[in-house]
Each structure stands twice: as structure tokens, then as C-alpha cells.
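*Asks:* Protein sequence lines correspond, in order, to chains A and B. Each residue of the first sequence is one higher than the one before, starting from 10 at the first, in the working numbering. Each residue of the second sequence is one higher than the one before, starting from 4 at the first, in the working numbering.
One or more of the hints may lead you astray.
Keeping only pairs whose Cα atoms sit at most 25 Å apart, straight-line, the calculated DSS-like set for lysine-lysine is [stated by the list, open to error]: (1) A:189 to A:328; (2) A:437 to A:525; (3) A:140 to A:61; (4) B:34 to A:437; (5) A:233 to A:61; (6) A:140 to B:34; (7) A:67 to A:140; (8) A:189 to B:34; (9) B:190 to A:437; (10) A:127 to A:437; (11) B:190 to A:189; (12) B:190 to A:391; (13) A:437 to A:391; (14) A:189 to A:525; (15) A:67 to A:189; (16) A:140 to A:233; (17) A:391 to A:233; (18) B:190 to B:34.
Only part of the chain B face toward chain A is listed, based on derived beta-carbon distances under 7 Å [what the hints assert, rightly or not]: (19) 28; (20) 68; (21) 79; (22) 94; (23) 118; (24) 126; (25) 134; (26) 169; (27) 186.
Partial list, computed: chain A residues near chain B (C-beta under 10 Å) [as the list claims (entries may be wrong)]: (28) 435; (29) 438; (30) 455.
Bear in mind the hints are in silico, worked out from the structure with no lab data behind them. Computed from a predicted model, the values in this text were never measured in an experiment. All residues carry an ideal CB built from backbone N, CA and C; glycine is no exception.
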Amino acid sequence: METTAQTTISRRDPAQVMRLSRLGSLHQCRLSFMRVLTRRMARENWSFARPKFDIDAKGVGVAVYTATGPARTYSLVAFAHDLPPEMRSDRVIATAWDATFTLFDGVPTDEDIERLSKNVPHQEAGRVNEKSLSVSRANRSVRLWAHFVDALSQGQQPDPGQVEAVGYLMRTTAVYGSGKLGAADREAIAGREELNAPFQAEMLSVFLTRAFVRDLVEHMARAKGGDQAVPLAPETARQLGIGNSTGLGMAPYIVNHPVLFNNWIMAREEAIARVRSVETASAEEAACFRRMLRRSEISAARWRSEHPVQIEKLASLHKDLEALSAWVASDDLLNDHPWDRLIRWSEAELGLEGQELAASLILEPYADLVDGLSDCMADANKDAFIIDGAMPVAQLRQLIEDSFAWTLDLDWSARENCARAWYVSEEKLEPRMGERFEEPISEYEQPLAPARDAALAHAALADWDAEEPVAGFLLRHPEHRHTVRRAQMSQVAPYGEIRSNTISDRVLPIDMLRAKLSFFGATHFDPRSDRWVRICMYAGAPYPDDLTTGNADLWVYPEADQ
Amino acid sequence: MSYALNEVEATAKRAARGAGYDWGLAEEAAKATRWLCAQGLDGAAVLAGLLEAGFAAGLANHVPRSLQGDWQADAPLCPLATGAALSDCAGRLQGAPQTMGPVAWPAMILPFAALAARRLGVCVSVEGEGFQAVTNGSALQIEGALPDAPASLTVRTEGTLSASVPPATRAEPDEAAWAVLNRFAHKTYAPATEESRRLGAGAGLSDND
């Protein structure tokens with residue numbers, strides 16, 4: 010990664026950052042992919058339109074939403090369905106949804122829409138082509154949807170309490186990109202400036218989906234109430250996000266893409282190091298931080314979860330916020346490396362939730378130091394895959410020790426250390442995690458335990474001469490090839506490896522999900538078990554028509570009067 | 004049917020694993036198959052042919068006995084394991100050509116010659132009876148016809164590419180070959196049970212509210 014800013018304080022040690030408990034406490038920040046997108050669209054003055062809204066009184070039909078930037082137009086093609094309640098499920102094994110979508114590259118013709126209408130509603134059972142950049146689906150929040158339609162159709166606005174309790178009218182249950190179901194590969198679009206940062210097509214798809222959902226609920230209210238119906242109040246619409254249910258399928262992603270995941274973490278760590286290196290802050294910078302802290306408190310107060318783990322984490326976060334506010338009140342935040350002092354204090358006094366919230370918050374006053382780092386978050390280093398077979402065995406051993414010293418003495422035959430196994434189910438190819446000693450899954454195990462595999466490779470290397478090139482070892486031990494590759498990748502990706510056991514009896518896959526989703530910019534993580542989580546996206550954001558440079562960035566922090 | 008190259012890569016990886024290759028070589032097979040498809044060749048058909056040969060179960064018989072001198076084995080060399088060794092030993096090509104063989108499904112060596120070319124920053128040629136292929140890592144030119152049968156090969160740093168065609172962004176594999184890959188890939192999927200359906204993805208609280 011290129012660094013232009015002066016940093017006197019170095020990035021945090023991967024051994025500290027990459028523990029799963031900390032990754033499972035990450036919060037969104039200036040580098041989150043949703044904010045990167047909305048800032049760009051506002052800066053470049055993108056225009057938006059709804060050339061088609063052909064939906065009947067039962068809520069069945071198709072709509073098209075376009076987003077036009079300086080170089081290209083992208084279109085969300087949305088199919089609305091009348092789904093029997095018993096078919097509604099967020100699980101991957103579902104076969105029908107309330108709405109299905111594709112982000113189309115350009116503006117679809119009627120023939121395109123006709124072709125898509127025969128495929129997109131079937132999701133995994135359909136096919137798209139390279140004109141589709143993503144394929145997704147969403148289900149209604151049953152209670153909130155019915156309440157909205159009822160209220161608006163009778164000329165009333167929905168109850169703010171119910172809006173706050175749920176936060177969204179629809180939640181996506183999968184957003185597929187990069188070649189899935191026949192869509193365009195990431196590589197085919199990564200060269201476009203507006204799509205170079207990670208997941209920009211997917212984030213655009215969800216941004217437009219939110220506009221569609223608002224329009225659809227108003228449409229249904231009109232269909233029900235006729236002249237009595239009223240549009241949704243803009244301030245209520247603004248508060249609504251798009252929910253998302255994310256299951257285990259996403260957890261392997263950050264293990265399977267070590268260089269990409271490194272680039273996300275390293276960009277944030279570099280941003281934190283830059284801001285900690287600021288010697289003196291201006292009054293406006295300090296005031297900006299205080300405002301965002303205050304708004305974070307409002308956001309945290311609205312964050313609900315029924316899951317015991319998250320309830321405990323939220324209690325810790327509320328306590329941390331109190332302590333942070335008190336510390337901030339007693340400090341002018343102006344002199345003597347204020348942000349570094351704050352971070353060092355937080356490491357001694359706060360829990361992981363609070364520490365990571367503080368680390369994200371100190372970035373807010375420093376767009377100039379931080380925002381450019383979003384250009385470093387894609388993975389353009391395809392050659393990191395190539396193994397250097399000339400590397401001496403001793404150096405390889407050292408690389409493994411650098412990332413996995415903690416794992417080498419672990420008893421990997423002990424049940425608690427390898428209790429779980431990750432596998433892919435025959436059923437819709439759904440990734441799952443099972444009990445190694447209770448289910449017949451070992452022979453199907455996916456390579457998602459880099460720590461265990463590193464320990465095995467390290468043991469096998471013990472008998473080899475230190476100067477021997479790795480190529481000779483690999484010829485005799487192809488079973489360690491994937492581990493050797495990862496170890497060599499760590500030279501360019503120091504934050505690429507999770508420093509926790511991903512198959513222990515205590516592993517929480519929701520920590521892996523949160524790490525990834527926090528970089529999307531998600532908030533209000535609500536685990537529904539140890540393996541799937543609900544989140545909210547774009548809550549508080551402007552709708553396409555209202556997007557300006559003034560509201561494109563800080564929308565993620567609710568304002569007091571909302 | 005037209006497939007995204009990521010679909011080719013994902014299917015090839017599962018297929019190679021399902022055929023018994025270790026994960027690291029399955030990753031190589033996936034990238035290699037994708038690379039062949041990007042060159043306009045049917046990488047899926049090459050991989051399908053190779054996997055049906057069933058080398059993975061006794062892979063030690065299909066890798067070079069030694070990395071010194073000519074690379075040989077008692078049976079045809081597996082192009083995935085041998086190709087991986089070629090990529091691993093790329094630096095040696097600067098000193099002398101590497102002879103090897105016979106190598107099964109010689110086309111599958113080409114992506115690994117490309118990895119060597121990328122590491123070295125020069126063109127690498129693969130020559131056998133009746134054909135010569137040259138790659139700079141991203142593009143490929145072939146004179147003559149690539150054999151399906153095992154062939155003795157010489158790999159060296161040499162050659163230049165004339166005007167290269169842009170790589171393909173989609174693949175249209177032979178349907179029978181694609182079916183073979185999916186058959187092998189299927190071996191990596193655990194049969195669904197009620198318990199795994201219930202617990203494996205973590206049902207937890209209701210997902211219909």
C-alpha cells in the first residue's frame with residue numbers, strides 16, 4: 010500500500026488486531042464501502058431515474074431504477090412477487106422471495122427484461138449473463154410491512170416505535186456478485202473507476218433497492234386505500250434501512266481471500282495510525298469528533314439484539330460510551346497527540362466494542378488523511394498466488410511462526426480444539442459448520458482452519474534441511490501446498506490471517522460475519538444464532554433523489570432530532 | 004452455455020478436490036483451467052480428461068522422481084503436480100531448459116509455464132513433437148497442434164509474442180466435459196441430513212418475522 014502521509018505512530022500489530030474476538034467487534038468507518046459509494050455518487054453528481062414501475066395492485070410486477078455516473082449507467086431491475094407466507098425464509102435453501110433483483114450493466118431493453126423475468130425470480134435456479142453485475146433477493150419484515158401499508162392506506166404515518174424496533178421494511182437474504190449464476194466477473198469490471206473499490210456494484214444495488222422498497226410500500230398503500238392513502242413522511246423513510254440476513258456462507262470469504270481481507274484491515278489500520286500521528290488537532294476537528302461520538306450514542310441506544318452474546322457486548326458498549334464521553338469531556342482533544350492518547354487510554358480502560366468504536370470514530374475529522382486509502386482496498390495482486398519454490402525451508406518456517414506462533418503448541422488432537430468442521434452441503438451448495446465427532450462430515454472438510462493446517466505444515470517441515478528450497482518439500486508434501494501459499498502471501502498481507510482457531514468448540518462464526526459486514530458499513534448487528542446475523546444497511550442515508558455532497562457521508566450517524 | 008470465468012475456477016477447484024487432489028493443487032488446477040479458458044482454449048475439457056485419468060490416488064507415481072535433471076517418473080507425469088513444480092522452480096529456467104515427460108494432457112502445463120513467465124518477467128516456451136507454445140504470462144501463442152496424448156516437453160525461457168488477442172472474459176466449455184467436472188465436484192458436498200439442515204447453518208431465532 011502506498012503511504013503519503015507521515016506517521017510517527019505505527020500500525021497496530023496484527024497479533025492484536027486479528028483476534029476473532031476483536032474482528033467480531035469492528036464498527037463501520039470512513040472507509041466502509043457504502044460510504045465510499047455515496048460520497049463518490051454525490052461528488053460526481055450522479056443522476057437517478059425510475060423509467061419503469063409496472064406493478065399491479067397485488068404488488069406483482071417489475072420496476073427499473075437507473076443510476077448514471079460520468080461514464081456509465083447502471084440499472085436495478087426489480088421483480089416484485091406475491092409470496093405465500095409459508096414460503097418466506099431467509100435461509101439459502103429458500104426457493105421464493107418477496108422481491109428479486111439484478112443490477113444491470115447499462116439500461117435494459119424490453120427483451121432484456123423479458124429474459125431476466127424468466128431467470129432472476131428463480132435466483133440460484135436461473136441464469137444471467139455478463140450484463141448482470143449482481144443478483145439478489147429480499148423478504149419483507151412481515152409485521153412492519155403490514156403496519157406500514159395499513160397506516161399509510163388510512164392516511165396515517167406509521168408508529169415511530171415500530172419503525173425504530175425493526176429498522177427496515179425488507180431485508181436482503183443474498184446479494185450475489187462476481188460471476189455467480191453467470192453474472193459478470195469482478196475482473197471484468199474492476200478496471201472501472203467507480204467500481205474499483207470492493208463491492209461497489211453490490212452496494213449500489215442495495216442503495217437502489219431501498220428506493221424501490223419505499224416506492225413499493227407507498228404503491229401498496231395507494232392500492233389499498235385509494236385517495237385516502239398518503240405518502241411516507243420523508244423523515245420516516247430516511248430512518249429506514251435495508252435489512253440483511255447473512256449466514257455462514259459469508260464467513261469463509263475472509264479466510265478464502267487473505268490478500269483482499271488484508272487490504273481492508275490494513276487500510277483501516279493505516280488510517281488509524283495516520284490520525285494517531287496527528288500532533289495537534291484544530292478546534293473544528295475536535296468538535297467533529299465530539300459530534301460523531303454524540304451521534305454514535307444515539308445509534309447505540311437504538312441497537313437491539315436478543316442474542317445473549319450481543320446483549321452482553323451491547324452492555325459493554327454502553328458502559329464504554331459512558332467512559333469515553335467522560336474522558337472526552339475532561340480533555341480538550343487539541344494537544345499532545347490527542348487521538349493517540351485517546352486510543353492508548355481506550356486500550357487500558359474499554360472493552361473491545363468500545364476500543365474499536367473509538368478507533369473508527371477518530372477517523373471522522375480527517376477525510377484528507379483517510380478517504381484516499383479506499384483506493385488501496387481492492388485486491389489487484391494476482392501474483393501473490395504464485396509460490397516461490399526457491400525460498401529456503403527456514404524462511405518458510407519463520408513466516409508460519411510469524412502468523413501462527415500461538416498455534417504451534419496447541420494440542421490439535423484435543424477434541425475442543427478441532428470440534429468443528431466446515432463443509433459444503435449438497436443441498437443448494439450451502440456452506441455449513443458441523444460437529445466433527447458427531448456428524449459424518451470430516452471427509453468433506455473445507456480448508457478453513459489455517460491455524461491447524463499451519464501447525465501441521467510446521468511439524469512436517471521440522472525434518473527438512475533449513476537451506477533446502479521449498480519446491481522439494483512441496484513435491485513430496487502436496488498436502489501442505491495451500492498452507493505454504495498462505496504463509497508466503499503473509500509477506501504482502503500481514504493482516505491476512507485470523508489469529509484465532511476457526512474450528513474450536515467455542516468459535517463464533519458471527520465474529521467472522523461482523524468483520525466483513527463492518528467493512529460494508531453495516532450497523533446494528535443482531536446475531537440470531539452463533540451462525541447468522543441480521544444487520545441494517547443505509548439507515549439514515551439520503552434516497553437517490555436527495556443525495557448531495559452535504560449528506561452523502563455522515564448519514565450513518567443518526568441526528569438527535571430523528 | 005456461457006460461463007463466468009469465476010464459475011469455471013470455482014467448479015474446477017471443487018472438481019480437482021473431488022477427484023482426490025489436495026487443496027493446494029486443487030487451487031492450482033482452478034487457476035490453470037481458468038487461464039486456459041481465458042486463452043480461448045477449453046480448459047474444462049483438458050481438466051476433465053485429466054481427472055478421469057485418476058492420477059490423484061497414486062500421485063507419487065506421477066510426479067518427477069527428482070527435481071534434478073530431466074523430470075521423469077515410471078508413469079505419465081501429472082501436469083498439475085508437475086506444472087506446480089515447474090512454477091515453483093521458475094528461477095532455474097534462467098540457467099537451463101527443463102525437459103520432462105512424458106506429461107499427460109500437455110496443454111495443462113501451459114498455465115504453469117505462464118506462472119513461470121510472470122515470475123521471471125520473460126517469455127517461456129513449451130515445445131513438444133509437432134508444436135511449440137509461447138507465453139508471456141498473460142497471453143499465449145501456439146504453433147502446431149497440442150496433443151491430448153502424453154508428450155515429452157522442453158520448457159525454456161525464449162520466444163516473443165506477436166500481436167496478442169485480448170483474453171476471453173467468458174468460457175463455453177464442452178457440455179460433456181463440464182458435466183464431468185460437476186460429477187467430480189459433487190464428491191466434495193456432504194449429503195444433507197435433517198440435523199445439518201437444522202443446525203449446520205444455525206437456525207436460531209425465526210427467519211420469517
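*Asks:* Each hint needs a verdict: does it hold in this structure or not?
*Replies:* Results of checking the hints against the structure:
Between the alpha carbons of residue 189 (chain A) and residue 328 (chain A) the distance comes to roughly 43 Å, so the proposed pair goes past 25 Å and is violated. Of the pairs offered as hints, the one joining residue 437 (chain A) and residue 525 (chain A) holds, with about 23 Å between alpha carbons and a cut-off of 25 Å not exceeded. Between residue 140 (chain A) and residue 61 (chain A) the alpha-carbon distance is near 19 Å, which keeps this suggested pair within the 25 Å criterion. With a CA separation close to 24 Å, the supplied pair residue 34 (chain B) and residue 437 (chain A) stays within the 25 Å bound.
For the proposed pair residue 233 (chain A) and residue 61 (chain A), the alpha carbon gap of about 21 Å is at most 25 Å, so the pair holds. Between residue 140 (chain A) and residue 34 (chain B), the direct Cα distance comes to roughly 24 Å. Compliance with the 25 Å bound is thereby established for this hinted pair. As the CA atoms of residue 67 (chain A) and residue 140 (chain A) are separated by approximately 29 Å, the hinted pair breaks the 25 Å bound. Annotation: proposed proximity of residue 189 (chain A) to residue 34 (chain B) holds, straight-line Cα distance about 17 Å (limit 25 Å).
Only pairs whose Cα atoms come within 25 Å are accepted, and residue 190 (chain B) paired with residue 437 (chain A) is accepted, the gap being roughly 14 Å. Using a Cα cut-off of 25 Å, the hinted pair residue 127 (chain A) and residue 437 (chain A) holds, with the two alpha carbons roughly 20 Å apart. Distance hint between residue 190 (chain B) and residue 189 (chain A) is fulfilled; the C-alpha atoms sit about 21 Å from each other, no more than 25 Å. A C-alpha spacing of about 29 Å is found between residue 190 (chain B) and residue 391 (chain A), which places the hinted pair above 25 Å, so the restraint is violated.
The straight-line distance between the Cα atoms of residue 437 (chain A) and residue 391 (chain A) is roughly 29 Å, outside the 25 Å bound, and the hint therefore fails. For a cut-off of 25 Å, the pair hint linking residue 189 (chain A) to residue 525 (chain A) stands: about 19 Å separates their Cα positions. Straight-line distance between C-alpha atoms of residue 67 (chain A) and residue 189 (chain A) comes to about 31 Å, which puts the hinted pair past the 25 Å bound. Between residue 140 (chain A) and residue 233 (chain A) the CA atoms are separated by roughly 36 Å; this puts the pair beyond 25 Å, and the hint is violated.
Restraint check: the Cα-Cα separation between residue 391 (chain A) and residue 233 (chain A) comes to about 54 Å, which exceeds 25 Å; the hinted pair is violated. Between residue 190 (chain B) and residue 34 (chain B) the CA atoms are separated by roughly 20 Å; this keeps the pair inside 25 Å, and the hint holds. Proximity of residue 28 (chain B) to chain A holds as hinted, the smallest CB-CB distance being about 5 Å (cut-off 7 Å). Interface restraint check for residue 68 (chain B): the shortest CB-CB distance to chain A comes to about 10 Å, outside 7 Å, so the restraint is violated.
Taking 7 Å as the C-beta contact cut-off toward chain A, the hint placing residue 79 (chain B) at the interface is violated, the least distance being around 17 Å. Given the 7 Å rule on beta carbons, the hint for residue 94 (chain B) holds: about 5 Å separates it from the nearest Cβ of chain A. About 5 Å separates the beta-carbon of residue 118 (chain B) from the nearest beta-carbon of chain A, less than 7 Å, and the hint is met. Hint on residue 126 (chain B) is violated. Least Cβ distance to chain A is approximately 17 Å, over the 7 Å limit.
With 7 Å as the threshold, the beta carbon of residue 134 (chain B) stays out of range of chain A, its nearest partner Cβ sitting at about 25 Å, so the hint is violated. At about 11 Å, the closest approach between the beta carbon of residue 169 (chain B) and any beta carbon in chain A exceeds 7 Å, and the interface hint on this residue is violated. Contact between residue 186 (chain B) and chain A, as hinted, is not supported at the beta carbon level, the nearest pair being about 13 Å apart and thus beyond 7 Å. A cut of 10 Å between beta carbons decides the hint on residue 435 (chain A): the least distance to chain B is about 4 Å, and the hint holds.
Interface hint status for residue 438 (chain A): upheld, as the beta-carbon distance to the closest one in chain B is roughly 7 Å, under 10 Å. Satisfaction of the interface hint for residue 455 (chain A) is found here, the shortest Cβ-Cβ separation to chain B being roughly 8 Å, below the 10 Å cut-off.
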